[in-house]
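Colleague: Sequence:
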Amino acid sequence: MSSSVLKAATKGKRKADEMDVDDRPSKKRNKQRVLLLSSRGITHRMRHFMNDLEALLPHVKKDSKLDSKSQLHLLPELADLNNCNNTLYFEARRHEDLYLWAAKTPNGPSIKMHVQNVHTMDELKMTGNCLKGSRGLLSFDKAFDETEWGKLTKEVFTHIFGVPSTARKAKPFIDHILTFSILDSKIWFRNFQIIEKDPLQPNGPPQTSLVEIGPRFVLTPIRIFEGAFNGATVFSNPEFISPTAVRSAIRREKGAKYGQRKDAQLENSRRKELRKRDEDELAVSKVFA
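Numbering (our numbering), first residue to last: 1009 to 1297.
Hints listed in this document are in silico derivations from the structure and should not be mistaken for laboratory results.
Built from N, CA and C at the ideal position, the CB exists for glycine as well.
Simulated crosslink set (DSS-like; lysine-lysine; CA at most 27 Å straight-line):
{"no.": "1", "residue 1": "Lys1159", "residue 2": "Lys1069"}
{"no.": "2", "residue 1": "Lys1162", "residue 2": "Lys1194"}
{"no.": "3", "residue 1": "Lys1177", "residue 2": "Lys1140"}
{"no.": "4", "residue 1": "Lys1265", "residue 2": "Lys1280"}
{"no.": "5", "residue 1": "Lys1039", "residue 2": "Lys1073"}
{"no.": "6", "residue 1": "Lys1162", "residue 2": "Lys1140"}
{"no.": "7", "residue 1": "Lys1294", "residue 2": "Lys1280"}
{"no.": "8", "residue 1": "Lys1177", "residue 2": "Lys1039"}
{"no.": "9", "residue 1": "Lys1133", "residue 2": "Lys1070"}
{"no.": "10", "residue 1": "Lys1070", "residue 2": "Lys1179"}
{"no.": "11", "residue 1": "Lys1177", "residue 2": "Lys1133"}
{"no.": "12", "residue 1": "Lys1069", "residue 2": "Lys1162"}
{"no.": "13", "residue 1": "Lys1177", "residue 2": "Lys1162"}
{"no.": "14", "residue 1": "Lys1140", "residue 2": "Lys1069"}
{"no.": "15", "residue 1": "Lys1070", "residue 2": "Lys1039"}
{"no.": "16", "residue 1": "Lys1205", "residue 2": "Lys1140"}
{"no.": "17", "residue 1": "Lys1294", "residue 2": "Lys1284"}
{"no.": "18", "residue 1": "Lys1140", "residue 2": "Lys1073"}
{"no.": "19", "residue 1": "Lys1177", "residue 2": "Lys1070"}
{"no.": "20", "residue 1": "Lys1179", "residue 2": "Lys1140"}
{"no.": "21", "residue 1": "Lys1162", "residue 2": "Lys1179"}
{"no.": "22", "residue 1": "Lys1069", "residue 2": "Lys1179"}
{"no.": "23", "residue 1": "Lys1205", "residue 2": "Lys1133"}
{"no.": "24", "residue 1": "Lys1070", "residue 2": "Lys1162"}
{"no.": "25", "residue 1": "Lys1179", "residue 2": "Lys1039"}
{"no.": "26", "residue 1": "Lys1194", "residue 2": "Lys1159"}
{"no.": "27", "residue 1": "Lys1039", "residue 2": "Lys1159"}
{"no.": "28", "residue 1": "Lys1270", "residue 2": "Lys1280"}
{"no.": "29", "residue 1": "Lys1039", "residue 2": "Lys1069"}
{"no.": "30", "residue 1": "Lys1162", "residue 2": "Lys1039"}
{"no.": "31", "residue 1": "Lys1150", "residue 2": "Lys1194"}
Estimated spans, in silico, between C-beta atoms of each pair:
{"no.": "32", "residue 1": "Glu1281", "residue 2": "Trp1196", "range": "57 to 63 Å"}
{"no.": "33", "residue 1": "Thr1252", "residue 2": "Arg1048", "range": "17 to 23 Å"}
{"no.": "34", "residue 1": "Lys1070", "residue 2": "His1103", "range": "22 to 28 Å"}
{"no.": "35", "residue 1": "Ile1182", "residue 2": "Ala1264", "range": "54 to 60 Å"}
{"no.": "36", "residue 1": "Gln1079", "residue 2": "Arg1255", "range": "23 to 29 Å"}
{"no.": "37", "residue 1": "Thr1252", "residue 2": "Leu1082", "range": "23 to 29 Å"}
{"no.": "38", "residue 1": "Arg1285", "residue 2": "Lys1265", "range": "33 to 39 Å"}
{"no.": "39", "residue 1": "Ser1250", "residue 2": "Gln1215", "range": "41 to 47 Å"}
{"no.": "40", "residue 1": "Lys1270", "residue 2": "Leu1082", "range": "50 to 56 Å"}
With the hints as constraints, model all of the structure from the sequences given.
Modeller: Below you can see the structure in the form of structure tokens.
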């Protein structure tokens, strides 16, 4: 070995010895992946809504429908097979009722929510637009930090809706904001495009504005479970009334109105009988008998 090569090798070894590998800061990688699937019986609007979420979140892995609504313990296994550590499961019920499960798999926690006021991108026809596959900023209302269930929901939503920079389909752009707000114990979701005014325009300095894109939906938390789709109940919403109970109350109210109307008719007939006068001696039926 020549002296120059030996000198270079010795110098490289000295640099390697002087370098402390353990002191180097380790960069934490965001490896969140989300499994998106639904149960049998969802409507066409719900399918379009799921397609909007799939286009909005490039780290989503879409799977086929789950046949059984009672075997939710299969969802963590499906997420493991698809190499996903989060799950969004839409559960369809009768009368077009839709429920959303958001869970950290395989160990939990999981949140069951009722989905209301769904508006897809095609229905809204908003003027905003964003690049498909771009990453979005997450904006949470300060009300999430005021309750324990709000903090837990915020953490789960951060893992699910936060797109990692290393996602395979993600683009290196951030051009929209996903907002989560709490009002009337419900979670309101909105998606806005970030528009920056061109500084070359002579009208004035650049100003950042937001234009809504869609979709829209409202979530009502029902229960938070300790495990993934099972386990002990961590939180139960005392203000939630199921749609079935609401429909039953409406039917009872209609039945009560019908009963009141029939009772009024009977009372009217009884009063007519009481006001009826007896026939006297000069009645037509007696005079011309």
